[in-house]
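For chain A, the structure is supplied; the task is to place chain B on it using the hints.
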Amino acid sequence: MTVLEFDRVTKTYSVRGAGQIKALDDVTFTLRSGQTIGLVGQSGSGKSTIARILTQLETPTSGQVRLDGQPIPRHGAGLRAYRQQLRMVFQDPFASLNPYHSIRYHLERPLRLDAVVPKAGLDDEVRRLLERVRLEPDAVIDRRPHELSGGQRQRVAIARALASRPRLLVADEPVSMLDVSIRLGVLNLLADLGREEGLGVLYITHDLATARHFSDEIIVLNQGRIVESGPADDVILRPQDPYTRQLRAASPDPEKHFASASGAHGGAL
Amino acid sequence: MRDALLTVRDFSVTYDVDPPVEAVKDVTLELRRGEILGLAGESGCGKTTLAYGLQRLLKAPAVITGGSVVFHDRSGEDVDVARLDAEQMRRFRWDKISMVFQGAMNALNPVAPIGAQLEDVFEVHRPGMSRAERREAAAELLDIVKVGRQRLRSFPHELSGGMRQRVMIAMALALRPQLMVMDEPTTALDVLVQREILRQISQLRHEFGFTVVFITHDLPLLLEISDRIAIMRAGEIVELDTAERIWTNPQDEYTKTLLSSFPRLTGDRGVVVR
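First to last, the protein sequences are chains A and B. Residue numbers 1 to 269, in this note's numbering, belong to the letters of the first sequence in order. Residue numbers 1 to 274, in this note's numbering, belong to the letters of the second sequence in order.
Heads up, a few of these hints could be off.
Below are the DMTMM-like pairs computed for lysine to aspartate or glutamate, each with C-alpha atoms no more than 20 Å apart in a straight line [to be verified]:
hint: 1; chain 1: A; residue 1: Lys256; chain 2: A; residue 2: Asp233
hint: 2; chain 1: B; residue 1: Lys59; chain 2: B; residue 2: Glu30
hint: 3; chain 1: B; residue 1: Lys146; chain 2: B; residue 2: Glu158
hint: 4; chain 1: B; residue 1: Lys256; chain 2: B; residue 2: Glu42
hint: 5; chain 1: A; residue 1: Lys256; chain 2: B; residue 2: Glu196
hint: 6; chain 1: B; residue 1: Lys96; chain 2: B; residue 2: Glu30
hint: 7; chain 1: B; residue 1: Lys256; chain 2: A; residue 2: Glu255
hint: 8; chain 1: A; residue 1: Lys256; chain 2: B; residue 2: Glu244
hint: 9; chain 1: B; residue 1: Lys146; chain 2: B; residue 2: Glu136
hint: 10; chain 1: B; residue 1: Lys59; chain 2: B; residue 2: Asp183
hint: 11; chain 1: B; residue 1: Lys96; chain 2: B; residue 2: Asp85
hint: 12; chain 1: A; residue 1: Lys256; chain 2: B; residue 2: Asp218
hint: 13; chain 1: A; residue 1: Lys256; chain 2: B; residue 2: Asp268
hint: 14; chain 1: A; residue 1: Lys256; chain 2: B; residue 2: Asp227
hint: 15; chain 1: B; residue 1: Lys96; chain 2: B; residue 2: Glu207
hint: 16; chain 1: B; residue 1: Lys59; chain 2: B; residue 2: Glu87
hint: 17; chain 1: B; residue 1: Lys96; chain 2: B; residue 2: Glu123
hint: 18; chain 1: B; residue 1: Lys256; chain 2: A; residue 2: Asp179
hint: 19; chain 1: B; residue 1: Lys96; chain 2: B; residue 2: Asp78
These are calculated hints, taken from the structure and not from any lab test.
If we strip away everything but chain A, and leave its shape as in the complex, we get (with noise of 0.2 Å):
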């Protein structure tokens, strides 16, 4: 079932000196519920301004976003119901859980805003929402964020997503900050809740190997305009565009390497 859908946006700023530029050019796409979506492009090719316009932070020039067959609402309660339908997983796991409050609190919150369960239940819920995310609920509850490590504090904010039953998640660039032993159980977890609660995924990233491993299609964007997308795997594997061939050849790949260096140095450089 299709829950979002990008038609012809269109994203222009004007920049003094500059005219007009187009951040998003004519994007068009659809993601279906427990489908991962890899957004990937280099810094600058819009990825942040679909975020942006997801989370109403920007609003489309031109073409129109649907949730469930449903514009965007721009204010008011219609506003606030799409927000609880859409959740976002930040970068830093440090810099999105204020660190005076426990991990309650963080949880909580969005259960009381928007009222998905009666208080009475909070304390089961909150304990629910730390299991879905593997975290042992009594080990973590009433702990505040500085005494987790990177790992558990971005399950937390996953948690903390997942609260308001989203039908839909943005998650830019969730694990770049976090050690790269926890990177793979981060995004195995996304991937396991996208399929398990038949939640859309929308994975932001710049990595390409994660992005082939962790997503159902890829679309690649170079300066606001989808260039190739498709199957992970065709994507990755069998580019057609000269963009995304440029991209993958950027990117470290070990195997590659050492199957065409066979010894001789730097030949990959």
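Relative to the frame of chain A, chain B by itself:
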């Protein structure tokens, strides 16, 4: 094999806090002239502390608790880094060993043109140079790293991230050091810019013959660019071998864990492990 540039023996650094943290424990390694040594490990493993410690750049509460660092100068002289006094140390740094810092893009002074910042290096370390000579040397450096001398009067904010990183490399190259320590020099850049910078480092190394210690947590990247790789964990080097052998035949369990933390770009879906 090529001759040695730097010999590190039983080098240890402790952060004197309560309880004390042994950030680097008995590290022994020999850096060969002209090689790229990759230093890989996760946050907090001690890789940056080690790199800073080699040049005595650490600040309290860090204390070098033992070991020796000997620099084998091109002239044939051996320099025991621990025995240099403050003035000798000041001359030694940047002249023999320079550094491209973590987050180098933000290490430039925002209120001074980049040309002036490059000239500062010569003003301090080459007091005999005239103003005009300094200006010309700074211009030449910008040409070498392909930023171009027309940018001498630009301020850091007028340059892209990649260009700022090139300026930092130019600065590290200024005195033609024999060793360049690069601490996560491309981590904040996107892949296309990262690749350009790596190409440039490789070219400059061929041209000027310096040795590189390249610090990063990005093991796939290190596997491509390094001659040898040292894997660090909890202050110790757990494995040190050629990039190829780290790739084909890792010995240490932790090396294998690190390798399996990276999904493969090509080939079958799965993680980088063999």
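Outcome of the hint check:
no.: 1; hint: Lys256(A) / Asp233(A); result: 16 Å, holds
no.: 2; hint: Lys59(B) / Glu30(B); result: 25 Å, violated
no.: 3; hint: Lys146(B) / Glu158(B); result: 16 Å, holds
no.: 4; hint: Lys256(B) / Glu42(B); result: 14 Å, holds
no.: 5; hint: Lys256(A) / Glu196(B); result: 18 Å, holds
no.: 6; hint: Lys96(B) / Glu30(B); result: 16 Å, holds
no.: 7; hint: Lys256(B) / Glu255(A); result: 15 Å, holds
no.: 8; hint: Lys256(A) / Glu244(B); result: 12 Å, holds
no.: 9; hint: Lys146(B) / Glu136(B); result: 15 Å, holds
no.: 10; hint: Lys59(B) / Asp183(B); result: 17 Å, holds
no.: 11; hint: Lys96(B) / Asp85(B); result: 16 Å, holds
no.: 12; hint: Lys256(A) / Asp218(B); result: 16 Å, holds
no.: 13; hint: Lys256(A) / Asp268(B); result: 12 Å, holds
no.: 14; hint: Lys256(A) / Asp227(B); result: 16 Å, holds
no.: 15; hint: Lys96(B) / Glu207(B); result: 17 Å, holds
no.: 16; hint: Lys59(B) / Glu87(B); result: 17 Å, holds
no.: 17; hint: Lys96(B) / Glu123(B); result: 17 Å, holds
no.: 18; hint: Lys256(B) / Asp179(A); result: 15 Å, holds
no.: 19; hint: Lys96(B) / Asp78(B); result: 12 Å, holds
Checked against the numbered hints listed earlier, the structure breaks hint 2 alone; every other hint is satisfied.
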